[in-house]
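What follows is each chain in one-letter form.
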Amino acid sequence: MREVELGDGDRRVLVVVVDKGEDAVAAVNEVAQRHDIRGARVTAVGGFASADLGYFEREKRDYRTIPVREQVEVLSLLGDIAENEGKPALHVHAVLGRRDGSTVGGHLLHGEVWPTLEVIISEVGASLAKRVDQETGLALLAGTTAP
Amino acid sequence: MREVELGDGDRRVLVVVVDKGEDAVAAVNEVAQRHDIRGARVTAVGGFASADLGYFEREKRDYRTIPVREQVEVLSLLGDIAENEGKPALHVHAVLGRRDGSTVGGHLLHGEVWPTLEVIISEVGASLAKRVDQETGLALLAGTTAP
Amino acid sequence: MREVELGDGDRRVLVVVVDKGEDAVAAVNEVAQRHDIRGARVTAVGGFASADLGYFEREKRDYRTIPVREQVEVLSLLGDIAENEGKPALHVHAVLGRRDGSTVGGHLLHGEVWPTLEVIISEVGASLAKRVDQETGLALLAGTTAP
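Chains as they are written, first to last, in the numbering used here: chain A, 1 to 147; chain B, 1 to 147; chain C, 1 to 147.
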């Protein structure tokens with residue numbers, strides 16, 4: 001993984017290149033933590049050799065895992081970074097493309113990168129705070145933290 | 001729905017959290033109108049309890065409705081806000097993910113949010129104007145409005 | 001194709017409207033070259049009358065073409081622009097939606113626009129360099145160019 005931090009002030013942009021064999025979620029979380037990113041848009045394209053996607057089941061209040069065990073194009077990786085309990089919290093969804101063009105998607109739990117993942121993280125200009133939602137048990141975006 | 005407006009000048013960023021039961025399209029349109037957004041990129045992730053997607057039929061010059069009546073992940077919500085007849089005009093497409101990871105997508109007509117939709121609206125720095133295209137009857141992006 | 005360049009300094013935004021019958025890839029590449037874009041995020045929505053998508057085959061080290069020969073919604077077009085051998089290099093993936101809402105996706109090789117494609121290109125603030133990866137033969141994002 002290699003990253004570059006561009007610009008200064010409250011709207012930095014980070015470009016992250018995740019390398020073969022690395023986990024996309026761990027890599028982006030690590031970069032976000034190292035650069036103290038607490039409010040940003042995240043987009044990426046590239047490829048995965050393997051991935052675990054999630055679907056949130058209303059009844060069980062938990063994610064059902066959708067395993068993807070084949071080389072896929074990362075057609076879209078989209079989401080945000082907020083702050084939860086003092087640490088950056090990544091929330092990204094992915095649409096993956098198979099050999100025949102068919103797609104599979106979900107909440108991104110893990111993605112083993114191959115041959116690359118090109119990630120752009122752009123700060124929104126404030127810290128975005130998460131708060132636990134009683135009904136689902138999920139930490140949902142609540143707004144900005146006190147200035 | 002809660003929103004925060006970040007930054008000043010001609011490139012504001014709005015973060016909008018759409019709550020359970022609200023319609024995503026109505027919520028974003030309302031926020032865009034209240035903050036006078038007339039040229040922006042829109043991205044979002046979250047979930048819908050139900051949605052209506054559209055596919056534009058060339059022959060009929062109208063949208064065919066694709067109803068989605070199940071809990072889905074909003075894998076990608078992407079598009080723009082321009083100005084049409086003096087008001088903000090939202091144009092967003094969505095890819096939705098079912099329990100088994102299969103996907104369905106289209107022009108977003110309605111989306112009943114559950115449990116959340118996290119929207120980021122980033123201004124491009126000018127008003128984007130729409131103009132009615134004679135062949136399709138659609139209001140398409142024409143360029144910027146006169147400065 | 002019509003485009004507007006917004007802002008100055010090292011984070012310009014380009015809004016590009018690709019017209020009926022034009023190829024999306026050629027149009028964006030031409031605009032990127034004319035405006036000397038060498039590091040940017042790209043997003044777009046719209047429609048294609050026809051497209052060629054690619055899936056990178058690990059064994060063959062080449063793209064398999066997935067032809068799409070029907071009117072589709074461009075649900076998501078996402079990627080980046082970097083610099084390769086002195087010229088802008090576009091890397092975008094697309095998710096396309098059929099009449100019944102089913103989707104097909106891949107690396108975008110060609111897309112014949114109908115009725116429109118609304119593209120937003122936002123610079124990240126530096127030139128992003130590509131370098132040929134020996135294992136795949138692909139030009140992958142390497143980082144930023146020397147300042």
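Each hint should be verified, as a subset may be incorrect.
Same chains, same names: a pair is fine if it fits in one copy or spans any two.
[What the hints assert, rightly or not] Restricting the straight-line Cα-Cα distance to at most 16 Å, the calculated cross-link-like pairs of lysine to aspartate or glutamate (EDC-like) are: (1) K60 <-> E135; (2) K130 <-> E83; (3) K60 <-> D133.
Because the hints were derived from the structure by calculation, they are not lab data.
Predicted model, so just to flag it, every value in this text is computed and none were measured.
Hints, one by one, checked against the model:
1. K60 <-> E135: within (11 Å within a copy, 44 Å between copies)
2. K130 <-> E83: within (6 Å within a copy, 32 Å between copies)
3. K60 <-> D133: within (15 Å within a copy, 44 Å between copies)
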